[in-house]
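Asks: Same order as they appear, the protein sequences are chains A and B. Just so you know, we're using the numbering used here here: the first sequence kicks off at 1 and counts up by one. Just so you know, we're using the numbering used here here: the second sequence kicks off at 1001 and counts up by one.
It is possible that some hints are incorrect.
[To be verified] Straight-line alpha carbon distances no greater than 30 Å define the calculated DSBU-like cross-link-like pairs of lysine-lysine that follow:
(1) LYS1083(B) x LYS1026(B)
(2) LYS128(A) x LYS102(A)
(3) LYS1035(B) x LYS128(A)
(4) LYS1051(B) x LYS1153(B)
(5) LYS102(A) x LYS117(A)
(6) LYS81(A) x LYS24(A)
(7) LYS1230(B) x LYS128(A)
(8) LYS1080(B) x LYS1153(B)
(9) LYS128(A) x LYS1106(B)
Since the hints were derived computationally from the structure, they do not count as laboratory data.
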Amino acid sequence: MSLIRFLNFSLRQSPRQNFEIFRKLDDAKWGKLVGVDELGNRYYVNPEERYGRERWCLPAASKNDMDASQIPPRWHSWLHKVTDEVPKATAAEDALAMHRPKWMVYPHYENYTGTKKASVTYNTVRPKISSWDYSVADRM
Amino acid sequence: MRRAASSPLSSAVRRGKFHSSSPSSKEIEVFIDGKAVQVEEGSAIIQAAEKAGVTIPRFCYHERLGVAGNCRMCLVEIEKNPKMAASCAMPVAPGMRVITESAKIKQAREGVMEFLLANHPLDCPICDQGGECDLQDQSMRYGADRGRFGEAKRAVEDKDIGPLVKTTMTRCIQCTRCVRFINEVAGTGELGTTGRGNDMQIGTYVARPLASELSGNIIDLCPVGALTAKPSAFAARPWELTSTESVDVMDALGSAIRVDSRGAEVIRIVPRTNDLVNEEWLGDKARFAYDGLKRQRLTVPLVRVGGRLEPASWADALQLVGRRLRATPPADVAAVAGDLADAESLVALKDLINAAGSERLGVDSPIGDGLPADVRAGYTFGATLAGVEDADAVLLVATNPRREAPVLNARLRKPYLAGSAVFGVVGDAADLTFDYDHVGSSLGAVDALRTGDSAFARALRAAKRPLVIVGAGAAEQRGGGAVLAAVARLAAAVPALLTPEWNGLCVLQNAAGRTAALDIGYSGGSADASSAQFVYLLGADRAAANLSPSAFVVFQGHHGDAGALAADVVLPGLAYTEKSATFVNTEGRVQRTRQAVAAPGAARPDWQIIRALSDSAGLPLAYDDVAALRARMADVCPALVNPDVLEPTSAEVARLGVAQMAKNGGRDAGGALSLSSVIADYYMSDPISRASRTMAKASAMAKGISGQQCSPSIEMSSSSS
Chain A
1 MSLIRFLNFS LRQSPRQNFE IFRKLDDAKW GKLVGVDELG NRYYVNPEER
51 YGRERWCLPA ASKNDMDASQ IPPRWHSWLH KVTDEVPKAT AAEDALAMHR
101 PKWMVYPHYE NYTGTKKASV TYNTVRPKIS SWDYSVADRM
Chain B
1001 MRRAASSPLS SAVRRGKFHS SSPSSKEIEV FIDGKAVQVE EGSAIIQAAE
1051 KAGVTIPRFC YHERLGVAGN CRMCLVEIEK NPKMAASCAM PVAPGMRVIT
1101 ESAKIKQARE GVMEFLLANH PLDCPICDQG GECDLQDQSM RYGADRGRFG
1151 EAKRAVEDKD IGPLVKTTMT RCIQCTRCVR FINEVAGTGE LGTTGRGNDM
1201 QIGTYVARPL ASELSGNIID LCPVGALTAK PSAFAARPWE LTSTESVDVM
1251 DALGSAIRVD SRGAEVIRIV PRTNDLVNEE WLGDKARFAY DGLKRQRLTV
1301 PLVRVGGRLE PASWADALQL VGRRLRATPP ADVAAVAGDL ADAESLVALK
1351 DLINAAGSER LGVDSPIGDG LPADVRAGYT FGATLAGVED ADAVLLVATN
1401 PRREAPVLNA RLRKPYLAGS AVFGVVGDAA DLTFDYDHVG SSLGAVDALR
1451 TGDSAFARAL RAAKRPLVIV GAGAAEQRGG GAVLAAVARL AAAVPALLTP
1501 EWNGLCVLQN AAGRTAALDI GYSGGSADAS SAQFVYLLGA DRAAANLSPS
1551 AFVVFQGHHG DAGALAADVV LPGLAYTEKS ATFVNTEGRV QRTRQAVAAP
1601 GAARPDWQII RALSDSAGLP LAYDDVAALR ARMADVCPAL VNPDVLEPTS
1651 AEVARLGVAQ MAKNGGRDAG GALSLSSVIA DYYMSDPISR ASRTMAKASA
1701 MAKGISGQQC SPSIEMSSSS S
């Protein structure tokens, strides 16, 4: 990292914000805030950056919990320059603007694979041991 | 009678002898592959080779069956003999030099194998024997990689021989092990061969099921997949199974078993070799009732609320029982030990009930006198199970060993086949697979033997090793003490019954938990549970029929049966495959089961339930782990912590047992005394087998057989000389 880049980084933003960016992204990034998604992830743009690195995101989740799948698909498109149109504040507004049917609108959630919230199909195996049917029991 | 009663002690029928006619203990020297080995004169070469550590391949030879010599797989060379010999059928001669491995032998065995495989289907991938098949194993060594047999393979129609044994007769290689077993050991004689050469078939001429209680053993004997277990057909491959060496509790013999399980399921149960108990046989109930372990199980504690049982937490159920135990006057507290109770929980329950101030501890017998529990010789099988082979006159009183202990019945056949013993029966004249004198159906017949002049009475009094087997069930009925008293009077008249060398007085128990209960100090009777206000049923189902309507009944057990129906609180315990517990068999041999599968649902080890209950009753027991509990067991009965050791009974102690039997004359039951076996249906005698579908089918089949046939193959001989 060059001295100029580091000075730019440290002088333009507050030290507290710089600390968070450096900790989460391992890089000295600065830019103009473009928007915030429903999960609280913040999206920035910096035309001074090298090509391909202008749009970047500061995840809302902590350093340990952040994951690429936390980016909603609308913001994913914007980040990767699929579109230049900045997504609206909510998914519903976006869906309206893009003429998507309502059933396609649902709150984004991350990929839960490997966590306790992971989807597990219900068991279809017959129980190996059948219990005594006590409901029939009338005292002999 | 068949033979003179004074024929010499026949040890020839014991394992390992080639002849059963002329016992000889002379040792001769033979050379197996140049190695000198001393074997008994008259042994077969294959036995000498076993002793020398050489295993000769074989299909038809089995050390516990007669020699057939028809598979020719065990061919060996004998020096200076031009032809090869079948080592199973060739007796050794002094100085004989045997070669078991040579190019010539290999070629001969390959020829035998090629002929066997010519008609054997190549269906190993769908055969249940796959992985434990003798033919499969030996074809790896002697099989060719191609066949020269171009014709169509022989196909044989499958036989239906009952709900236990599945047949795929096309796979049969005609070794006739099953035929020899059914005719020699089981003694029911249904199986035989028809036809010759290529047309030879094994079958039950014509289409009838096996009536033997030992029929499952032909599955183990079959070296190929012709006979496999029907209940576990296509259930598992042998290499998927976890084997656990354990002990059977379906009868009082405590046969050695191996429980094969996969996950939480018992897939099959097969016998282990224990020459002192079951040799290598196992009764069908012990082998096939395991599917009952998966049905009708008690998996959660239940508490009766408003006349109906409702699930409850362990804490609530134990608190309730503890409260009621404390609230009941000590004189009204009773506990009944069931047929399948293990020694650990019996000791814990006795300690708890004693701590509550009560001594009313009984066993799950019909209300009656019960067995005297003061002297062990008065309720155990004095001659030991292996010892019955040495008997030369056997009297069976009020017992049907075929139903109560089929493996023992097979042992009783040995002196019968050797002609070294005569048999008499007091009680029902059932088919026991051996000839006997039906001495009588009433108790007077026992007394008549003391002075009587019948052939059997004379033979019994003249016998060197007489044996009297009394069914414990008969002694447990009302007035049953009279049965024991009659036997005690007979013992006084037959001095050879109790000598320093021979203890011929045998009580045949019919429940696995009974001997341990009597050892520990439960009374042989029912402890008058019918009048108690707090009754603890430790797996006791029979006692549930005679309880006071106002009594608070706790049932601890593993199956929902009569006991659970009658209970106010049901505490789910474990079955014998799920716990490591101590059992005492009818001879007093202490053995331990091992846990094979996990406990179902919320069920807990039985002694731990009683330990937890003692806390909620405010009477905490002094042991928290199984080691401390076993130390307590050693205090109560030192034998209980010496597994697999059988302490011999001295003649003096045995006489004390007789005196105890005589003392307990019993109330007069009038003419109502029954000398029939207490087990009316072999296949349905305990909660596990009653919950088993396989046993239900077998029971229905057995009833069908007894309905159809009046006299299968054995004629009852009445006293003719």
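Asks: Each of the hints needs a verdict: does it hold here or not?
Replies: Hint check:
no.	hint	result
1	LYS1083(B) x LYS1026(B)	holds, 27 Å
2	LYS128(A) x LYS102(A)	violated, 45 Å
3	LYS1035(B) x LYS128(A)	violated, 54 Å
4	LYS1051(B) x LYS1153(B)	violated, 39 Å
5	LYS102(A) x LYS117(A)	holds, 26 Å
6	LYS81(A) x LYS24(A)	holds, 22 Å
7	LYS1230(B) x LYS128(A)	holds, 19 Å
8	LYS1080(B) x LYS1153(B)	violated, 39 Å
9	LYS128(A) x LYS1106(B)	violated, 48 Å
Violation of the numbered hints given earlier is confined to hints 2, 3, 4, 8, 9; the remaining hints are satisfied by the structure.
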